[in-house]
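Line by line, the protein sequences give chains B and Z.
What the first sequence shows, in the working numbering, is residues 51 to 418, in sequence order.
What the second sequence shows, in the working numbering, is residues 51 to 418, in sequence order.
These are computed hints drawn from the structure, not numbers from a lab.
One or more of the hints may lead you astray.
The list makes no distinction among identical chains, and a pair is therefore deemed to hold if it is satisfied within one copy or across any two copies.
[Claimed, not checked] Derived pair list, reagent style BS3-like, types lysine-lysine, alpha-carbon separation capped at 30 Å:
#, residue 1, residue 2
1, Lys366, Lys86
2, Lys290, Lys100
3, Lys290, Lys211
4, Lys78, Lys366
5, Lys169, Lys89
6, Lys366, Lys100
7, Lys78, Lys363
8, Lys142, Lys290
9, Lys128, Lys163
10, Lys363, Lys100
Number of protein chains: 2
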Amino acid sequence: MNINGQHFHTIWAEAGNYNIIRVIDQQKLPFEFNIKTLKTFSDAKEAISKMTVRGAPLIGVTAAYGIFLALLNYQNDKPLPVYLKEMCDDMKTTRPTAVNLAYAVDIIYRHLKNETDVKRMTNRAFNKAEELKHLEIDYCNAIGEHGLPLIEQIARQKPGKPVNILTHCNAGWLASIDWGTALAPVYKAHLNGIPVHVWVDETRPRNQGSRLTAFELQQQGVPFTVIPDNTGGHLMQHGKVDMVLVGSDRTTRTGDVCNKIGTYLKALAAFDNGVPFYVALPSSSIDFSIANGLTEIPIEERNFEEVQFIEGKGGKVQVTPDDCPIANYGFDVTPARLVAGLITERGICEATEKEISNLFPNEKRRLH
Amino acid sequence: MNINGQHFHTIWAEAGNYNIIRVIDQQKLPFEFNIKTLKTFSDAKEAISKMTVRGAPLIGVTAAYGIFLALLNYQNDKPLPVYLKEMCDDMKTTRPTAVNLAYAVDIIYRHLKNETDVKRMTNRAFNKAEELKHLEIDYCNAIGEHGLPLIEQIARQKPGKPVNILTHCNAGWLASIDWGTALAPVYKAHLNGIPVHVWVDETRPRNQGSRLTAFELQQQGVPFTVIPDNTGGHLMQHGKVDMVLVGSDRTTRTGDVCNKIGTYLKALAAFDNGVPFYVALPSSSIDFSIANGLTEIPIEERNFEEVQFIEGKGGKVQVTPDDCPIANYGFDVTPARLVAGLITERGICEATEKEISNLFPNEKRRLH
Chain B
51 MNINGQHFHT
61 IWAEAGNYNI
71 IRVIDQQKLP
81 FEFNIKTLKT
91 FSDAKEAISK
101 MTVRGAPLIG
111 VTAAYGIFLA
121 LLNYQNDKPL
131 PVYLKEMCDD
141 MKTTRPTAVN
151 LAYAVDIIYR
161 HLKNETDVKR
171 MTNRAFNKAE
181 ELKHLEIDYC
191 NAIGEHGLPL
201 IEQIARQKPG
211 KPVNILTHCN
221 AGWLASIDWG
231 TALAPVYKAH
241 LNGIPVHVWV
251 DETRPRNQGS
261 RLTAFELQQQ
271 GVPFTVIPDN
281 TGGHLMQHGK
291 VDMVLVGSDR
301 TTRTGDVCNK
311 IGTYLKALAA
321 FDNGVPFYVA
331 LPSSSIDFSI
341 ANGLTEIPIE
351 ERNFEEVQFI
361 EGKGGKVQVT
371 PDDCPIANYG
381 FDVTPARLVA
391 GLITERGICE
401 ATEKEISNLF
411 PNEKRRLH
Chain Z
51 MNINGQHFHT
61 IWAEAGNYNI
71 IRVIDQQKLP
81 FEFNIKTLKT
91 FSDAKEAISK
101 MTVRGAPLIG
111 VTAAYGIFLA
121 LLNYQNDKPL
131 PVYLKEMCDD
141 MKTTRPTAVN
151 LAYAVDIIYR
161 HLKNETDVKR
171 MTNRAFNKAE
181 ELKHLEIDYC
191 NAIGEHGLPL
201 IEQIARQKPG
211 KPVNILTHCN
221 AGWLASIDWG
231 TALAPVYKAH
241 LNGIPVHVWV
251 DETRPRNQGS
261 RLTAFELQQQ
271 GVPFTVIPDN
281 TGGHLMQHGK
291 VDMVLVGSDR
301 TTRTGDVCNK
311 IGTYLKALAA
321 FDNGVPFYVA
331 LPSSSIDFSI
341 ANGLTEIPIE
351 ERNFEEVQFI
361 EGKGGKVQVT
371 PDDCPIANYG
381 FDVTPARLVA
391 GLITERGICE
401 ATEKEISNLF
411 PNEKRRLH
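This is chain B alone, in the form it adopts within the complex:
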């Protein structure tokens, strides 16, 4: 997608010097646009943990490049297979909730583990990271195409009026490589001339909605309105939301959806008001090994300072009293019963084990 009219991916290998990986730094957006350079495994790990990059598909791809960078800097101080295993295990601990990270690292590891030559292993790691990156782009593009008819259908029911879509957090192209997950159908609709308007949940505490989703939509010229996270229920009660569309950090094989904290509250409101609640996700976000989202998905607890301080244009201010106890959970789980459907790269299915396995019959085997 575009920033100031120039096409970008969120991560890329430097042209002419593949040993340098560049990412869009999402920490200061929308107030500053910076590009950050990753030269080492630690750079990649820190980019993920400090949320220079974030979003389930993007952290998976960044982790893959991180393994490449680890091999590039291999010092011969321990056997290559031990080193590879250690780096992969270490990378997988960086953030606990999004399954894409472990998924990407596992793919890389399986792809490399029988390789004995470090140069060849490094090349293979790079190529696999590139492949995963392009796969995510393809997935997001396909999600956009599959989701588009849902928006078209609503548009036909209210000719001349915009389709109002509520989204939470950022599941746009900044969370991915290009297109995005939840926002891919929105971009496709906009490009197809369907009038859309997006209600953008601010998404406290890190404000990915008001900072990143708003920035993305503004850059692509899609009409939107930022709202506090408290607002969605009221809008749905008054018929101002036609559809909720969110991403996912991990979805169980039974269709329970783990996503940014607060998603569950919007799903409840959608259900209570008959508004369809759709989740857009590449299969890399499905954890085929688990069945119960509430008990089996680890929920990241992040630093309380993310709630205590808010950064914006003009600096950083403290918004809670001194010495104030704060809890900061990163995600919650929306039970499958509240989900109208999953929009995947292979099409739309119900959030049930049967429909998910119909769409992805070989996934469970492939992953284990």
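Start from chain B and add chain Z according to the hints.
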């Protein structure tokens, strides 16, 4: 309640000079503690509109003092009855949602309208404002006493463990004169040695939770944790909330509860997880004239800058992109079906027309 160990009300007439009304300025709390002086009708009106004072019971009482100040400054340029009527009508437009404002002004107006002497009318206005103030204190104290057994009952079921109560916005003593509405039972429990812990919703966009409720609880020594508004559902799913307790800006005679935007989302989550959702309110917050909260209560839309900028310790920062469309609704309506009970000054009742009218059989007549 206390600030730094000293007892305060949120509003009071200056000792020795009743012509000066003082209020705690809630705009800079918890970072600055200021007392503001109201000398004119305009001062009172501005204190309400700019949220120097806020909270349904408090704005009602402030409006009453405002009419007193208007009469104090009567200039003889129009007939007294016309002036009184104009001032009352004007005051009622200050904020649309909380019914307490209109309620208090109507009481004052009915009390004064047949008075012909301006001095006597002024004195009667002052005395009525004082009476309304002390009535609200009594109401809140009684709400505390009636709500206490609900907390005691939960405490008995988990001996030695704190009762976890989630609250949204500020319905504490700062929203009232003393004790508060939703927090009154919490303070009573704390004073009775029952271990309580309050989950404090931040309450965007104005952060009344993280700023005012956190400040109040900290000052009274009640354990609490501030959470982003997105968090409550997750906590309830994991058994970390025993009870939700909120206030109300207007409740219909059928039990629909209008309160700070986002309350409805917490009510849905409570209902979905079998957590009792209670609303604490004095009868001055019940609008006996209306039956449908969703269609009959005007929802205030406030300035978008309240979402665009956040003020805290260290200044003010902009948290949305430049030129970003923003919507800022102040309240939402929780349907009666989601409410476990109303805690009023006369006791607890179900959120139904029958039970409310049993508790307040004469209210409808009195108000019309």
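Checked hints:
1. Lys366 / Lys86: Classified as both: same-chain Cα gap 21 Å, cross-chain 28 Å, threshold 30 Å.
2. Lys290 / Lys100: between (36 Å within a copy, 28 Å between copies)
3. Lys290 / Lys211: Within. Shortest intra-copy distance 11 Å satisfies the 30 Å Cα cut-off; inter-copy 43 Å does not.
4. Lys78 / Lys366: both (12 Å within a copy, 17 Å between copies)
5. Lys169 / Lys89: Within one copy, since 17 Å is at most 30 Å while 81 Å is not.
6. Lys366 / Lys100: both (17 Å within a copy, 24 Å between copies)
7. Lys78 / Lys363: So lysine 78 and lysine 363 pass the 30 Å test inside a copy (9 Å) and across (20 Å) alike.
8. Lys142 / Lys290: Classified as between: cross-chain Cα gap 29 Å, same-chain 41 Å, threshold 30 Å.
9. Lys128 / Lys163: within (15 Å within a copy, 92 Å between copies)
10. Lys363 / Lys100: Both, since 19 Å and 24 Å are each at most 30 Å.
Consistency note: the structure conflicts with none of the earlier hints.
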